[in-house]
Amino acid sequence: MIESIFKFFTTEPYWTLTRSILYLVGICIFVAANAAYLVWVERKGAGRFQRRPGPTESGPWGLLQPPADGIKLLAKQLMAPPGSDKILFWAAPLMVIAPPLVCLAAIPFGNNVLARDLNIGLLMVFSFGSINVMALMLGGWASRNKYAIISAARVVSQNVAYEIPMLLVVITIIMVTGTMNLQEIIVQQAGGFWNWNILRGIWDFSGGGWGHIGGNLLAPVTFLIFYICMLAETNRAPFDMAEAESELVAGAFTEYGGMGFGVFFMAEYANIVVGCALATILFLGGWQSGLGSGFGTLLTSWGVIGTVIGVGFFFAKMYFLIFSVVWIRWTFPRTQFYGLLNLSWKILIPISLFTLLLTSVLLKLPRLF
Amino acid sequence: MNSFPFSDWIVAAIFVSFIAITVTGALIAALTKRIIRSVCGLAICSLGLAGLFYFLNSPFLALMEILIYIGAVCVTVIFGVMLTEPDEPKPEQHTRPYPVISPLIAIAIAGGVFLGIAWLSLSANWQAPASIVSEGSVKDIGIRLLTTYSVPFELISLVLLVAILGALVIARSGRTKE
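Protein sequences appear in the order of chains V and A. Per the numbering used here, the first sequence runs over residues 9 to 377. Per the numbering used here, the second sequence runs over residues 1029 to 1206.
Keep in mind that the hints were calculated from the coordinates and are not lab data. Predicted model, so just to flag it, every value in this text is computed and none were measured. Any given hint might turn out to be false.
[What the hints assert, rightly or not] Pairs of lysine-lysine, DSSO-like flavour, derived with a Cα cap of 30 Å:
hint	chain 1	residue 1	chain 2	residue 2
1	V	K80	V	K94
2	V	K52	V	K80
3	V	K372	A	K1167
4	V	K354	V	K372
5	A	K1061	V	K154
6	V	K154	V	K80
7	V	K154	V	K84
8	V	K94	A	K1167
9	V	K52	V	K84
[Said to hold, decoys possible] Chain A stretches covered by chain V per the calculated footprint, using a threshold of three residues with CB under 8 Å from any CB of chain V:
hint	region
10	1059 to 1068
11	1088 to 1097
12	1101 to 1109
Beta carbons are placed, not taken as given, at the ideal position from N, Cα and C, and that holds for glycine.
Construct the entire structure; sequences and hints are all you get.
So, in structure tokens, the structure goes:
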């Protein structure tokens, strides 16, 4: 009986539906659990960086703290401040959590662990990522709170400023790889770690022999620019002007309580995951092991076990980047707002425009001779 | 694909729901009195349009619709609204009644345009392409932009350049030393 039901749902045409539902549920669970435990990592990390133990009371090493926080947030009463725009006020948390969920559908976590193989997956991540700004701004505006409105205005000017260098840098990657399919970008970076885009840009060994000069000599700088823009786009320290705790209470979500606040937090961590996953895919070889074309490729193409190993490599790289985001937050002080905008408009945009020019010249140069 | 049960019905339901989203968004944008809600209506409308594009097998256009109309146009409009009027005033109380004739003219023009377009789309001899015109579409759009339509493409960039220069001139005019 159970076996026949199982067989019914795992054969075509129903398998497509089952697969989609499984991914949907999986992504939702992943986002929730990830946010809960990244908060734990953040608090524990903050504690360690400041030479104190961090959460210790609930569970071993405070590991039961996130579920406790979740229950607390769920039990709180939801209230909208008087004079606020109620519909927009409650629409904002939904709009802020939906885009990263959609983005995660296009991200290949492993060999064939991918909800939807889109030809233009990269574009999809960026187009849905751009909704985030609007949601935060609506939340800030609908709250009818001075701090929230100041924060909303900051969010927009910051995100608009940093979207430009980020997209310019990504265009250099598209020019080198020649595709916007995220899975294909990863497949191109097979072999040793010197084939990852971050190093392949300098010297390309993929043709065999001694190789030739790569498409983008400034690839490590490109990665750095991408990483900085990712920090700014997700409103993380040292660019957390949007929710500067010491000056703006909690920024755009000052007026939110209970799970409304919780959803904003979840979305923030989901956005960090999307950003770091994208950095991993574009620059660090995604689920490729980077251990050379013999042993390394064998490791990740070994049936189901290979897929699991590949996913392991992906998560190792991604969570290292996420840890570095936490690390930076508790190490660097917040920048000034003018410094933030100057960094983007006067340093990052000129450099990324230069890398764009350099890449196009380097890609066309060999064809001239 | 077609072996899936009720696939025709599911396809129809998806199509109708995208149209419903588009129309709802447009109605919100046109009918609400708060300008920020009408921007949200515009965003919903664009989302529905993007869904329709995706439904019609052009994901590139769908994503561009979201990236440009929601990510750029709506954000810019809301930003403008926020900079001008943080505390929206109550809608004015009209002491004298609206003139009867102006809404009638508006309805007549809108109805005329709608009927004209509907008549055109029903009467025109549309020919379905024999095969799918382009598979990847991104590549084709790129090639078209730089070959067939290169002059309009360059002209658009010229317009943008002029707009940027104008913005610079306006923004800097207050800073020059007298």
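Taking the hints in turn, this is what the structure says about them:
{"no.": "1", "hint": "V:K80 / V:K94", "verdict": "holds (23 Å)"}
{"no.": "2", "hint": "V:K52 / V:K80", "verdict": "holds (19 Å)"}
{"no.": "3", "hint": "V:K372 / A:K1167", "verdict": "holds (18 Å)"}
{"no.": "4", "hint": "V:K354 / V:K372", "verdict": "holds (28 Å)"}
{"no.": "5", "hint": "A:K1061 / V:K154", "verdict": "holds (23 Å)"}
{"no.": "6", "hint": "V:K154 / V:K80", "verdict": "holds (27 Å)"}
{"no.": "7", "hint": "V:K154 / V:K84", "verdict": "holds (24 Å)"}
{"no.": "8", "hint": "V:K94 / A:K1167", "verdict": "violated (44 Å)"}
{"no.": "9", "hint": "V:K52 / V:K84", "verdict": "holds (25 Å)"}
{"no.": "10", "hint": "1059 to 1068", "verdict": "holds (count 4)"}
{"no.": "11", "hint": "1088 to 1097", "verdict": "holds (count 5)"}
{"no.": "12", "hint": "1101 to 1109", "verdict": "holds (count 4)"}
Violated hint for the displayed structure: number 8, the only one.
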